[in-house]
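On the provided structure of chain A, position chain B as indicated by the hints.
There are 2 protein chains.
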Amino acid sequence: MPNFVFIGASIDGYIADRNNKLDFLECIPNPENVDFGFQDFMQSVDCVIMGRNTFETILGVGGEWHYSKPVFVLSSSLTSVPDKLKDNVEIMQGEINDIITALNKRGFSRLYIDGANVIQSFLKKDIIDEVIISTVPMLLGGGTKLFGMLPAHLSFEHMETQVLLNALVQTRYKRKKE
Amino acid sequence: MPNFVFIGASIDGYIADRNNKLDFLECIPNPENVDFGFQDFMQSVDCVIMGRNTFETILGVGGEWHYSKPVFVLSSSLTSVPDKLKDNVEIMQGEINDIITALNKRGFSRLYIDGANVIQSFLKKDIIDEVIISTVPMLLGGGTKLFGMLPAHLSFEHMETQVLLNALVQTRYKRKKE
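Top line first, the protein sequences correspond to chains A and B.
All you need for the numbering used here is the position in the first sequence, starting with 1, plus 61.
All you need for the numbering used here is the position in the second sequence, starting with 1, plus 61.
Because the hints were derived from the structure by calculation, they are not lab data.
Accuracy of the hints is not assured; some may be wrong.
The list makes no distinction among identical chains, and a pair is therefore deemed to hold if it is satisfied within one copy or across any two copies.
Unchecked claim - List time: in silico DSS-like cross-link candidates among lysine-lysine, alpha-carbon distance up to 30 Å:
| # | residue 1 | residue 2 |
| --- | --- | --- |
| 1 | LYS237 | LYS82 |
| 2 | LYS82 | LYS238 |
| 3 | LYS130 | LYS237 |
| 4 | LYS238 | LYS145 |
| 5 | LYS147 | LYS238 |
| 6 | LYS186 | LYS238 |
| 7 | LYS238 | LYS166 |
| 8 | LYS166 | LYS82 |
| 9 | LYS147 | LYS235 |
| 10 | LYS186 | LYS82 |
| 11 | LYS145 | LYS235 |
| 12 | LYS145 | LYS237 |
| 13 | LYS206 | LYS82 |
| 14 | LYS238 | LYS206 |
| 15 | LYS237 | LYS147 |
| 16 | LYS206 | LYS186 |
| 17 | LYS186 | LYS145 |
These figures come from a predicted structure and were not determined experimentally.
For reference, chain A alone in the conformation it holds in the complex (with noise of 0.2 Å):
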C-alpha cells in the first residue's frame, strides 16, 4: 500500500509563493506543454489525498480540474464541494491512519499524497515511500515549505534524476528503511 508523493517546489523548498500563489511553476516556457510525467504519474495511483488549504488553493487557480483519479480532501471544517466537483471529490476526516485504511478497504491502495500539511503529517509518521520533486529554478524566499520538522532522519534511495525543459531537476526518491 505504497503512499506517493508528487510535487513541483522552489529550489529553497517551497510549493507556493506568500499569497498562496502557484505561479513560479508556470515560469518556464513550455510551448509543447510538457507534462512533466504528471498523467503517467496519476495513471499509476489509485487516488489523491490532500488538505483543505491545497484543495482550495487549487480551486483559486481555476481552470480545468486536472486530477483523474478520486481525489479524498482531509477536513474537519469543509462541509461541501462545488457542484461540479461532487463526483471527483470526497471530504473525509479523522486520524491519518484510520483514513488509510478505510481508503485501502475501498480499494485504494496506491495513494498520491498532495499538500504540504498533508504530506508533512505522513512523513512525521514515517509512511511515505516515494518522493517526485521537481525543482524549479528559483528561490521564492517565502510561501508555503514542503517540509516540516521530523523527529528523525529519513533517509531516501535516489532512483532517478532528469532535466526537463532544460530547467527542471525531477528526481524520485524511494524510502530506505534501514
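Just chain B now, with coordinates in the frame of chain A:
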C-alpha cells in the same frame, strides 16, 4: 566579480543537523573518495568567505583543513583563530559591501560564499551569481537551513545537473536577471 555558493544540503534544505553536525554529508558510501568537484571548484575561486558559526562548525568536525584558498571569517566577536590556521584564516568585520570592496581591491574577485548566514545575507542583497547544490537523499527534519526569507523572488538559470555516486544530485544554477 562573481560570488559563488558550493554546498551540500539535505532534500529538505538543511546544511547541518540539529546538533550542528555534518555527518549526513558522509552518509553515502564513497570508497574512492570522489570529491564531488570540490577541488576543481576551489581552484576556480580566489578566496572563501564564511561566518563564525560555519567556521566553528568546521573546526568542530576536525580533520584536515580542506580550504586551499584564503578564508575570511566574518565576525564581530571572534578575535583570534587557532595557531595552525593563522596563515589560512583572517577575521573580518563590517558591512558586506565594504568587505567585498576591500577583498576585490586586494585581488580577490571570485568569492566562495560559505555557510547559511553569509549565504542568506548575500542572497538578500542579490549578489550571489552561481549556486552549486549537492542534494543528499535524506530528510533531516531540522537543523541549519540553507535558505531564509528573501525580499523578492530570485530566478536562476539551470546550467547542469549530475548524479554522483548514484545518490547525490548536484545542480549548478546561474542567477538570471531580467
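The hints, checked one at a time:
1. LYS237 / LYS82: between (33 Å within a copy, 21 Å between copies)
2. LYS82 / LYS238: between (35 Å within a copy, 22 Å between copies)
3. LYS130 / LYS237: Within one copy only: 28 Å inside, 38 Å across.
4. LYS238 / LYS145: Cα proximity of LYS238 and LYS145: none, with 42 Å in one copy and 42 Å across.
5. LYS147 / LYS238: Neither: 39 Å inside a chain and 45 Å across chains, both beyond 30 Å.
6. LYS186 / LYS238: within (13 Å within a copy, 41 Å between copies)
7. LYS238 / LYS166: within (25 Å within a copy, 52 Å between copies)
8. LYS166 / LYS82: neither (35 Å within a copy, 43 Å between copies)
9. LYS147 / LYS235: neither (33 Å within a copy, 45 Å between copies)
10. LYS186 / LYS82: Answer is both: 28 Å inside a copy and 24 Å across each meet the 30 Å cutoff.
11. LYS145 / LYS235: Close neither inside one copy (36 Å) nor across copies (44 Å); limit 30 Å.
12. LYS145 / LYS237: neither (40 Å within a copy, 41 Å between copies)
13. LYS206 / LYS82: both (13 Å within a copy, 23 Å between copies)
14. LYS238 / LYS206: both (25 Å within a copy, 25 Å between copies)
15. LYS237 / LYS147: neither (38 Å within a copy, 43 Å between copies)
16. LYS206 / LYS186: both (18 Å within a copy, 22 Å between copies)
17. LYS186 / LYS145: Neither, since 34 Å and 47 Å both go past 30 Å.
Hint violations for this structure: numbers 4, 5, 8, 9, 11, 12, 15, 17, all remaining hints satisfied.
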